[in-house]
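Here's the letter readout for the chains.
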Amino acid sequence: MKVYFFGTCIGSAAFSESLICSIKLLQHFGVEVIYKKDQTCCGQPSYNNGYYEETKKAALFNMQLFSEPYPVIVPSGSCAGMMMHDYITLFEGTEHENMAKEFSQRVYELSDFLHKELKVTLEDKGNPVKVTWHSNCHALRVAKSVSSSKALLKSLSNVELVELEKETTCCGFGGTFSVKEPEISKAMVESKLQDILNQKVEYLIAGDGGCLLNITGALEKINANVKTMYLYEFLAKRIGIA
Amino acid sequence: MNPRQLIHEKVNDKQLNKNLEYVMYQLQGNRKKLISERYGDWEALREEGKKVKQNALSRLPELLERFEKNATANGIKVHWSKDNDEANEIILNIAKENNINKILKGKSMASEEIGLNHYLEKKGIKAIETDLGEVIIQLIGEPPVHIVVPAIHKNRFEVGEIFEKHLHVERYTEIEDLNRVARTYLREEFHQLKMGLSGVNFAIADEGAIWLLENEGNGRMSTTVSDIHVAICGIEKVVESFDNAVLLNTLLIPSATGQSVTTYNNIITSPRKESDLDGPKEVHVVLLDNGRSGILSKKRYSASLRCIRCGTCMNHCPVYHKIGGHAYGATYPGPIGEVISPLLFGIDKYGYTLNLCSLCGNCAEVCPVKIPLTDMIRDLRNEKVKDNKDDILGINNLPKNNAERKNMEIFAEVATNPKKWQRLMWFIDKFAPFGKPFAPFINGLKQWTTCRAYPKMDASFHKKIKNMQGVKYE
Numbered sequence: 000m001k002v003y004f005f006g007t008c009i010g011s012a013a014f015s016e017s018l019i020c021s022i023k024l025l026q027h028f029g030v031e032v033i034y035k036k037d038q039t040c041c042g043q044p045s046y047n048n049g050y051y052e053e054t055k056k057a058a059l060f061n062m063q064l065f066s067e068p069y070p071v072i073v074p075s076g077s078c079a080g081m082m083m084h085d086y087i088t089l090f091e092g093t094e095h096e097n098m099a100k101e102f103s104q105r106v107y108e109l110s111d112f113l114h115k116e117l118k119v120t121l122e123d124k125g126n127p128v129k130v131t132w133h134s135n136c137h138a139l140r141v142a143k144s145v146s147s148s149k150a151l152l153k154s155l156s157n158v159e160l161v162e163l164e165k166e167t168t169c170c171g172f173g174g175t176f177s178v179k180e181p182e183i184s185k186a187m188v189e190s191k192l193q194d195i196l197n198q199k200v201e202y203l204i205a206g207d208g209g210c211l212l213n214i215t216g217a218l219e220k221i222n223a224n225v226k227t228m229y230l231y232e233f234l235a236k237r238i239g240i241a
Numbered sequence: 000m001n002p003r004q005l006i007h008e009k010v011n012d013k014q015l016n017k018n019l020e021y022v023m024y025q026l027q028g029n030r031k032k033l034i035s036e037r038y039g040d041w042e043a044l045r046e047e048g049k050k051v052k053q054n055a056l057s058r059l060p061e062l063l064e065r066f067e068k069n070a071t072a073n074g075i076k077v078h079w080s081k082d083n084d085e086a087n088e089i090i091l092n093i094a095k096e097n098n099i100n101k102i103l104k105g106k107s108m109a110s111e112e113i114g115l116n117h118y119l120e121k122k123g124i125k126a127i128e129t130d131l132g133e134v135i136i137q138l139i140g141e142p143p144v145h146i147v148v149p150a151i152h153k154n155r156f157e158v159g160e161i162f163e164k165h166l167h168v169e170r171y172t173e174i175e176d177l178n179r180v181a182r183t184y185l186r187e188e189f190h191q192l193k194m195g196l197s198g199v200n201f202a203i204a205d206e207g208a209i210w211l212l213e214n215e216g217n218g219r220m221s222t223t224v225s226d227i228h229v230a231i232c233g234i235e236k237v238v239e240s241f242d243n244a245v246l247l248n249t250l251l252i253p254s255a256t257g258q259s260v261t262t263y264n265n266i267i268t269s270p271r272k273e274s275d276l277d278g279p280k281e282v283h284v285v286l287l288d289n290g291r292s293g294i295l296s297k298k299r300y301s302a303s304l305r306c307i308r309c310g311t312c313m314n315h316c317p318v319y320h321k322i323g324g325h326a327y328g329a330t331y332p333g334p335i336g337e338v339i340s341p342l343l344f345g346i347d348k349y350g351y352t353l354n355l356c357s358l359c360g361n362c363a364e365v366c367p368v369k370i371p372l373t374d375m376i377r378d379l380r381n382e383k384v385k386d387n388k389d390d391i392l393g394i395n396n397l398p399k400n401n402a403e404r405k406n407m408e409i410f411a412e413v414a415t416n417p418k419k420w421q422r423l424m425w426f427i428d429k430f431a432p433f434g435k436p437f438a439p440f441i442n443g444l445k446q447w448t449t450c451r452a453y454p455k456m457d458a459s460f461h462k463k464i465k466n467m468q469g470v471k472y473e
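Which chain is which? The protein sequence lines are A and B, in order.
According to numbering that gives the first Met the number 0, the residues represented by the first sequence are 0 to 241, in order.
According to numbering that gives the first Met the number 0, the residues represented by the second sequence are 0 to 473, in order.
Check the hints yourself; a few may be wrong.
[What the hints assert, rightly or not] Label pairs and their calculated CB-CB ranges:
| no. | chain 1 | residue 1 | chain 2 | residue 2 | range |
| --- | --- | --- | --- | --- | --- |
| 1 | A | I87 | B | Q53 | 44 to 54 Å |
| 2 | B | S35 | A | Q193 | 42 to 52 Å |
| 3 | B | I174 | A | Q104 | 28 to 38 Å |
| 4 | B | N97 | A | Q193 | 51 to 61 Å |
[Said to hold, decoys possible] Partner residues aside, some chain A positions facing chain B, computed with beta carbon under 7 Å:
| no. | residue |
| --- | --- |
| 5 | L18 |
| 6 | F28 |
| 7 | K100 |
| 8 | I183 |
| 9 | K226 |
These are computed hints drawn from the structure, not numbers from a lab.
None of these values were measured; they are calculated from a predicted model.
By construction, the Cβ of each residue, glycine as well, lies at the ideal position given by its N, Cα and C atoms.
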């Protein structure tokens with residue numbers, strides 16, 4: 000099976016190793032990965048600020064780039080949600096409406112693709128470890144891929160998943176929200192940190208670069224001894240392919 | 000105070016933050032528990048609620064006229080008001096005609112919206128709140144912090160202090176004692192009650208009746224002990240049938256407080272009839288438009304009028320938890336407020352509140368009538384910046400944010416130009432590690448690093464994937 004891999008902007012700027020692991024996972028389960036070298040960003044920065052015309056340009060660029068009918072695999076619920084849901088809204092009633100519909104229905108968040116399409120079984124080769132999980136809002140409510148992410152985590156025999164008390168509450172990232180309303184964002188991430196620290200775990204795992212940048216940065220600022228890791232890097236390491 | 004200062008003040012009010020967060024999660028928990036234990040198919044019920052309200056809105060003029068006709072036949076006087084001034088004047092005139100200089104109020108957000116208390120006070124009429132939460136904030140001159148639980152930002156110790164100072168009683172801290180103080184104070188007022196005012200939860204067209212929900216009995220007092228009862232009713236509150244109202248009630252109460260039913264349900268069909276022993280001699284319903292028909296005419300936003308004012312969007316909003324309702328500077332705070340305040344009262348006045356959202360989507364997920372609040376907030380951001388301006392109140396008075404526009408244009412340019420994009424990634428890969436000393440001087444990074452360490456970037460992906468085995472790089 001051939002798929003396109005969409006690395007996302009935050010992924011390729013800050014989580015290169017995690018993206019490599021994402022591709023290794025796909026390859027490990029027999030998928031052939033095509034990487035379009037010209038890819039950029041899904042368009043959320045402008046979209047969420049209301050700049051729809053600018054966003055359409057970025058969206059159209061992607062839709063034209065990933066033109067063959069292969070699945071488009073995205074290692075982020077936020078970007079996947081944008082591409083599978085919001086592209087349709089953006090192009091509604093325009094000449095690109097059908098193109099958007101065709102494109103959107105072959106976008107998959109990587110967890111969903113691994114869990115629901117490939118129905119993978121993960122053989123955990125790591126030592127016993129206690130982790131917690133943060134749900135990205137758009138993964139949870141737009142791409143709806145969180146149940147797959149957690150199912151993959153839970154399937155690892157030596158990993159104990161301790162759930163956050165307020166798992167479904169936003170971490171305060173929200174893209175440009177974090178710099179437009181820094182004080183509110185700060186208050187939000189501080190609550191998230193408290194919840195994470197209360198769980199007494201070794202790792203915080205998340206499936207989205209934005210939340211991870213936010214939470215990791217905030218944990219580091221207070222010198223907390225909880226490590227963070229991108230879901231796909233964690234999975235790849237647990238099954239011994241990274 | 001400008002919005003930034005107001006937010007700064009509220010986000011740093013630790014007591015407010017603590018009180019709010021505690022209660023909001025409790026309300027969330029109550030709702031979740033009740034829905035999972037007692038409701039077979041809550042999602043199907045939401046879908047029904049959405050349909051009922053949407054259907055009523057699509058026939059609003061017809062249903063309002065039917066309501067007027069049936070209510071009038073029942074002996075209720077129906078008044079129409081297009082804005083604050085008209086509504087206030089109608090209520091003032093009813094008071095004046097009956098030589099009334101004091102009215103008692105059940106909870107009504109519509110009365111807050113039109114600034115009734117303030118208006119009446121200027122005309123020499125005292126409006127006294129009787130809902131416990133409203134009593135507390137009226138004593139300290141604050142507006143409601145939440146549309147359902149108006150004094151939720153004050154804990155019992157603070158309420159004890161307020162009662163001590165303003166009602167001249169001992170300082171109590173136990174809930175029972177505080178309730179007793181409020182009851183004694185209110186009972187005195189109810190003894191002299193001539194004119195009572197309330198809001199309306201559902202106006203039922205087929206019955207010509209209004210339905211009021213409450214938990215304290217103050218609403219029943221205000222609407223039955225008085226000689227005259229005046230109800231203010233936003234025009235979007237009308238539904239066709241009693242069954243419709245029952246359905247919406249079933250959605251509203253669990254969403255609002257996590258109860259299955261309120262302690263009091265006041266369904267008012269007429270003034271006192273000849274054989275009745277009590278009840279008001281006159282019942283007035285003041286139908287209030289105040290910008291609502293303007294929203295109804297906008298396809299993108301008409302669904303916001305489905306709102307049944309349960310407040311669950313606030314209870315679930317992580318931003319609201321941190322700043323509380325006053326930070327929005329509007330009658331209606333939280334996610335629904337971000338949508339309707341700019342539309343009802345002007346995007347030039349309330350456009351800033353649209354920033355108070357991380358687009359997490361929790362509000363839309365729980366809204367009992369499925370208003371797509373997150374999408375509407377994003378769409379209203381779009382109204383602020385798009386070239387062809389739609390007819391949104393105050394849109395032409397908005398200052399242009401040229402810097403942001405320029406940034407977004409640059410973004411679109413880079414995101415559609417692979418060469419520029421790769422150059423950007425190359426730049427991050429090369430120079431991000433050395434950026435730390437400059438962070439305080441770079442806009443964006445400056446704000447980011449106030450509570451986070453300098454970000455660890457790793458933009459080597461492009462370099463790595465080129466040579467990755469088995470990957471078709473094209």
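Task: Non-conforming hints, listed in increasing numerical order - done: Numbers 1, 2, 3, 6, 7 and 9 - these are the hints that the structure violates, sorted from lowest upward.
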